[in-house]
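2 protein chains.
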Amino acid sequence: MNPFLNYQSEKNMSMFTDLYELTMCASYFDNNKFEPATFDLFIRRLPENRGYLLFAGLEQVLLYLKSVKFTEEHLAYLKKQGFSSRFLDYLRDFRFTGDVWAVPEGTVAFPCEPLIRVTAPIIEAQLVETFLLNTVNLQTMIATKASRVVHAAKGKAVIEFGLRREHGIDAGMKVARCSYIAGCQGTSNVLAGLAYGIPVFGTMAHSFVMSYEREIDAFRAFAKTFPNKSTLLIDTYDDIAGAEKAAVVAKELEQKGLRLSGVRLDSGDLATISKRVRKLLDEKGLDYVSIFASGDLDEFKIAELLSQGARIDAFGVGTKMGTSADKPYVDVIYKLCETMTADGTSAPIMKLSEGKATLPGRKQVYRFKDADGFYERDVIALADEEVGGEPLLRKVMENGKLTYSLPSLDEIRATAATNLAKLPEKYKQLTAAPEYLVKISPNLSALIRRLRRKLTQNEIRQQRSRVG
Amino acid sequence: MNPFLNYQSEKNMSMFTDLYELTMCASYFDNNKFEPATFDLFIRRLPENRGYLLFAGLEQVLLYLKSVKFTEEHLAYLKKQGFSSRFLDYLRDFRFTGDVWAVPEGTVAFPCEPLIRVTAPIIEAQLVETFLLNTVNLQTMIATKASRVVHAAKGKAVIEFGLRREHGIDAGMKVARCSYIAGCQGTSNVLAGLAYGIPVFGTMAHSFVMSYEREIDAFRAFAKTFPNKSTLLIDTYDDIAGAEKAAVVAKELEQKGLRLSGVRLDSGDLATISKRVRKLLDEKGLDYVSIFASGDLDEFKIAELLSQGARIDAFGVGTKMGTSADKPYVDVIYKLCETMTADGTSAPIMKLSEGKATLPGRKQVYRFKDADGFYERDVIALADEEVGGEPLLRKVMENGKLTYSLPSLDEIRATAATNLAKLPEKYKQLTAAPEYLVKISPNLSALIRRLRRKLTQNEIRQQRSRVG
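Those sequence lines, one after another, are chains A and B.
If you're matching positions, the first sequence starts at 1 in the numbering used here and goes up one per residue.
If you're matching positions, the second sequence starts at 1001 in the numbering used here and goes up one per residue.
Treat the hints as calculated values from the structure; they're not laboratory data.
Do not take every clue at face value.
[Unchecked claim] Computed cross-link-like contacts, DSS-like style, restricted to lysine-lysine with a CA-CA straight-line distance of at most 27 Å:
| no. | chain 1 | residue 1 | chain 2 | residue 2 |
| --- | --- | --- | --- | --- |
| 1 | B | K1224 | A | K79 |
| 2 | B | K1069 | A | K156 |
| 3 | B | K1256 | A | K327 |
| 4 | A | K229 | B | K1080 |
| 5 | A | K224 | B | K1154 |
| 6 | A | K356 | B | K1080 |
| 7 | B | K1156 | A | K428 |
| 8 | A | K79 | B | K1301 |
| 9 | A | K11 | B | K1066 |
| 10 | B | K1327 | A | K69 |
| 11 | B | K1156 | A | K301 |
| 12 | B | K1011 | B | K1156 |
| 13 | A | K439 | A | K422 |
| 14 | B | K1256 | A | K356 |
| 15 | A | K284 | A | K256 |
| 16 | A | K224 | B | K1422 |
| 17 | A | K80 | B | K1327 |
| 18 | A | K351 | B | K1301 |
| 19 | A | K356 | B | K1327 |
| 20 | B | K1011 | A | K351 |
| 21 | B | K1229 | A | K79 |
| 22 | B | K1275 | A | K301 |
| 23 | A | K256 | B | K1080 |
| 24 | A | K256 | B | K1422 |
| 25 | B | K1229 | A | K351 |
| 26 | B | K1224 | A | K80 |
| 27 | B | K1279 | A | K11 |
| 28 | B | K1224 | B | K1301 |
| 29 | A | K327 | B | K1279 |
| 30 | A | K80 | B | K1279 |
| 31 | B | K1301 | A | K356 |
| 32 | A | K80 | B | K1256 |
| 33 | A | K351 | B | K1426 |
| 34 | A | K275 | B | K1356 |
| 35 | B | K1154 | B | K1275 |
| 36 | A | K66 | B | K1279 |
| 37 | A | K11 | B | K1229 |
| 38 | A | K279 | B | K1356 |
These numbers come from a predicted model, not from an experiment.
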């Protein structure tokens, strides 16, 4: 089954772009610039507290590149925006025909490492920028955040619960996808279950309890409908009183040979309350009833709860994971690194802006492991340079055709788990992780020095003009 | 033209829901609970630094409610999840048939005020919760944030530029929509231009400049394509040297009777650089060339730049507005406030959880103005209570049919501007805004006291059980 049968947000999204991509392309067209260019998509720096990135979003990028085109309705709109008929005729036949190299989803990555490398006629390579950035920003940000939450939970299950506060429909879908890649057990989002095959989980809301005259009536009603898999929300009025009523219902189920699955806590001091609820349930012989906790959780809160000895079996994590609330974006950028002249000579390109310098040329990332197989350091090198290590970028598209067998979501999830296991623990610390070593290769370093000299001669103002 | 011709993300999104909505509904169904219930959608507290909320998202909520239904594919998936055939038969015919009251988009609102009030058979009212929360969270969060940015810009134009870091496709669309409602002049998002009729803006990226051997060649190429509306990005290598080259191109355009529109700065100390660039341009007789600034801007940075005398004519604001980066969610919730028994008696409902108490009964919000027409205070009252003031909630849907003429986006934008003008300045301060007075009416207060007594008797544990 095609996992995208039901939700193909990336299909034919040519107009989902910043206008400047189109104005630049119009000018390239007008000035007969059709030579290939190479762009790197990478993340400039780590968000605060993160020691690594977990890359995600490639599948949607490739589906977009395969399907991007302009309809007559699009062209009519662009005509009204003042684009020339000649350029619109060009767009009518527009397809992406380039080559793409990328690291697989679930790769552990670090700042400045190219994650996707696009080589195509410059108009094609430029036009796709916005979609690529939008897609990788959201998914890599969430995969990274969710992997931290899963790590903090130390093997307890984490369910993605943030649909109501995630940023719109596509975010709701992609957060479920990337949280699952990062190790969450499932999501509350039913459409994500349908579209991506992710396990779905759900209990009940306070409104369900409140809609009944008495709390225990609500518990009994729910247990009637889901006799084998009820998790009862016990904090609507008073958590301990709620736990006592849940225990009554559990005993009623036992008399029918059934078992209550769990109780859920959603407010208050979860460490203290979970211990009291555990004790109450255990004293009644209900040690099999699990305790599920939710309410304003993130990796920091979960780590704190577990360090306080909270008796929680599974966590429902919502808003703070689903919006990456402490840092709701990553510094993902897409930069030109090579052009080609009409005679076929390649010209490496770099940017010098303060704090925004880029790495020139077509590049590859090599990863080196220690004797135990743990990640030790990476080297960013020129694509044709021999430096050893394992190359991370693979060819995924050639002449606009997919040359890569898209892994299933479960395969991506397994890849992420394998890779995260190879990342030494110190880089997974929730705060103050050390910096992973990423070196620049000898040939790339030499190229940077050469280009810096040339740019300084040609484009930087002379000292005297600073005075003006 | 139907503004939703091209991007109707809200159509038939029945499965875009937390699983627990469906499990609760299955249990309501199983227990023959079909009586009407009323839910309030409201925001529990203001995000840090905000002094008010600007409500947005109603149009998408209503389009969702009008179109929500289940397809056979949906039902087949739900069957696999273990829902009973009887319940699935019910869902097959499911339509939303309730009444909805809401405040118009562009309404200035405050915590705990019902923004949308849904009265429907409890299964219908419950099932729609997730979509309503997701939609109002994103749009109200962004409208509020963008209105602060526009306010800080003191009449200078603000363009929404954040597409690449907004959370996926739907966020990219809705951020453009809500930023425009809040007073932005337009967006960089071409699809939002097409779908919503929002003005689109774009200049050029650093890659365009870098794709040419010399910066001035890039400027000339762009000016050739857009002779009447070029804004040249001048900081790729060196902003002052870039401004000098832009001036050369401006003079070349002048010789053809044309004018350079502007230059754009995207890095560095924008206050200092903008003053130097303004001086350089003015000295060359280019006082008509405007200065456009972008790069990590938000309301705080814009206020700081203007207080430093920056010579900036327009701001491009991206990531921090488009993700509401300092607070990427609002505490929007959807709470049961009234049920009806089978004999038609209504029963007001409230929740007591610590810090999460709710207001019972079907309510209306009344706004009082001072002699000059400025907002002075609001009163939350029972719907049938007479307290004076202007009622904010209007009936927008009856028996599942729209009874409200959806305003155009420009009308909503005008409403927002009118309403924001009536909000006293002190509530628009970027930090430390005073708290706007929202009172609870006498009858509502009495109801709360009565319910609290009843709940305490029935559902709260006795003091002795605390010891356990």
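Which hint numbers does the structure go against, in order from smallest to largest? Structure breaks hints 2, 3, 5, 6, 7, 8, 10, 11, 12, 14, 16, 17, 20, 22, 24, 27, 28, 29, 30, 33, 36 and 37.
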